[in-house]
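> In case you want the letters, here they are:
There are 2 protein chains.
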Amino acid sequence: MPSVSKRGEQTPLSPFRKLIPIADRVKAAGKKVYHLNIGQPDIETPAAALAAVRATNMKVLAYSPAEGNASYREKLVHYYHRFHVDLKAENIMITTGGSEAIQFMFLSCLDAGDEVIIPEPFYANYNGFAHIGDIRIKPITSSIETGFALPDKEAFESVIGPKTKAIFITNPNNPTGCFYPQEALEELAAIVKKHNLFLFVDEVYREFCYDGQDFFSTLRLDSIRDNVIVIDSLSKRYSACGARIGALITYNQEVLAAASRFAKLRLSPPGFGQIFAEATLDVEEAYLRDVKQEYDRRRQTVYRRLQAMPGVVSYKPGGAFYCFTQFPIDDADNFCRWLLEDFEYNGATVMLSPGRGFYATPGLGHDEVRIAYVLNTTDLEAAMDCLERALIEYPGRVENTVGVQNNALAL
Amino acid sequence: MPSVSKRGEQTPLSPFRKLIPIADRVKAAGKKVYHLNIGQPDIETPAAALAAVRATNMKVLAYSPAEGNASYREKLVHYYHRFHVDLKAENIMITTGGSEAIQFMFLSCLDAGDEVIIPEPFYANYNGFAHIGDIRIKPITSSIETGFALPDKEAFESVIGPKTKAIFITNPNNPTGCFYPQEALEELAAIVKKHNLFLFVDEVYREFCYDGQDFFSTLRLDSIRDNVIVIDSLSKRYSACGARIGALITYNQEVLAAASRFAKLRLSPPGFGQIFAEATLDVEEAYLRDVKQEYDRRRQTVYRRLQAMPGVVSYKPGGAFYCFTQFPIDDADNFCRWLLEDFEYNGATVMLSPGRGFYATPGLGHDEVRIAYVLNTTDLEAAMDCLERALIEYPGRVENTVGVQNNALAL
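Line order of the protein sequences matches chains A and B.
In this text, residue positions in the first sequence follow the working numbering: the first is 1, and each later residue adds one.
In this text, residue positions in the second sequence follow the working numbering: the first is 1, and each later residue adds one.
The hints are simulated quantities; they were obtained by calculation from the structure and are not laboratory data.
Note that beta-carbon positions come from the ideal geometry of N, C-alpha and C, so glycine has one too.
Watch out, some of these pointers could steer you wrong.
Covered by chain B, per the in silico footprint, the following chain A stretches (three or more residues, Cβ under 8 Å) [said to hold, decoys possible]:
(1) 41-55
(2) 124-131
(3) 244-255
Computed far set for chain B versus chain A, every beta-carbon distance over 10 Å [claimed, not checked]:
(4) Glu9
(5) Ser14
(6) Glu44
(7) Ser71
(8) Glu100
(9) Leu107
(10) Asp111
(11) Ala166
(12) Pro270
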């Protein structure tokens, strides 16, 4: 029997994937598991957009154009106007989820052996997509002490080398929830321009910026207009992870031409998903406002509860629906497994993502976890009850050695 | 401005893609274009399966499992029983179209620099997927004189080298329409076993085998059970190209594990598409029987018309809905462009795929085209009227030099 490829064996998985079989087992045995491990919201998908799919009346479910339906791309132009971004339909390529947009971006801009700088911790699946393209990720470490703010110019420039072709950021950030303001992005633009790099920006959490902060899209950075490539997705915005509709957006015509080759190769993005997606553009703005308010309530809940847990280091995230937190534990992988297998409180437990997989630098994140606040506040309170109790009972609890105490992070 | 990647610039496109802007232009100017260039059928999608999507009543359009919905995978097991293939749900991974299944298969089994043998002419997008993975295609040439039958053992063994890891066939074939019978596949199995190779088989045209021939799936080749990986798709079977639902099927647990890593990376296949797909399994068998009869009528039409065109070399294809044909022309790329730009008959013309792009060996296919008989017989007759006239008028017409005359191919 022939053996599988090395890249097939070695493609890295998301940090929580290893725990899924354990979670399935304990759930089958009757334990309630609060899933704070994955960005799958419980928020209702806009009913009007789902209704548009139910109202379809086609005879033939045909291929769409490789770059997506023209009508959808043209309407999307107006969506971005709300963020003061001025696009033409041709600047927007519809993809099968944000995931495919990441692949097209990597393959279009980077050859095997090329390097991309990413502040860590970062969305773990970037590792896998880089691995497919034999692209090297050069991490620069952001820190919980600053609420995982964007590293400074010196940090970026310390890792820029002859093979460096891009910087990749996520704003607002997954897994940290950090919001990058306009000034930080303008500083980044100067680095990008000076070193002639691409700036890759995953903006899928654009709609979820709290505390009155205005989202600033890197597509507005006129000084590096042709360097910027933005990843987008409906999954989080409209609680529509199953639609598998995203986008790659850029003013750079050469990148569009290259990405178009990959798009044509896979023929077209999903047909029903595009019908759904086009209909989301007619959803009342109140929907997104309400969803943001709901996530904000959850954010406050998680923050308040974490602050009350002795030895936990946390901060109030400015965007998205994640919080990256340091626990007084020996090892987050062990802790997350123990939570599922050996712990319960009121018949329930909580599933989290261990931190290590979000770092490229070995050893980092060993006592950190990502919390996705994707459940309603009632469930979230119950999940926090579990977590609070678990941190007391966990046999691998250690005293916090970094000298940062709770409530000490004034961000 | 940073430059795009070499692989972005060099990813090969389908042979007809270059002609699409020309076709769009002449259509906008009022010329009717009969599209025989692409496998986009005009057959109606099963109404009952479309109705299943209209009947959805979900609150949250969530991620499905990365490998596809369990209920769908379990029901698919029964579909393959009809072809005497005995699978478990775990052997079937649901993918975003057959295209994604090809990518997962390539990446899971082949590393950069590995070789895969493919009889040419072959489905041109295999080139692009191989290019992404830096995989080398070693072509062996099949010939119109045999109706593009599978090359013999010696032909395969002449190109097997230390880097060869797989043989890849399409049965029934796109672009040739050739049907590979059980005996030919068993001979292939012996080669595969002897040299410890993977056997990749694209079976997406399985339902369309004519002249009473029974389709034999390579999943029934027990002697190489763990070597076989099958690509499947709903696109052609149910005229549902826009659903973007396919499958990767294998008994090989290691391949499934590797492919699962790539599947998890892109999170899940399309949600609505899977609902549609599951409903196709309840569509009455009469649907597929009727569709096959319709394609058979079209096949007879195209064959009859081609046989009557002086200098054209053709054969009666045994499966799928393609015919690969030799014309008395200087250059098929020129001819196909001329058909769109410079020719019309009764206000119409026909769009075909030039043959060169289906070969990996330079120079081959220069006077061949692929005809996709995806239109109803009325349109097909009109398209053949255009073609017949065009072959007379075309300034680059040459006399047939290979010594094979029409009707000389007794297959």
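> Broken hints, numbered, in rising order?
4, 5, 6, 8, 9, 10, 11 and 12
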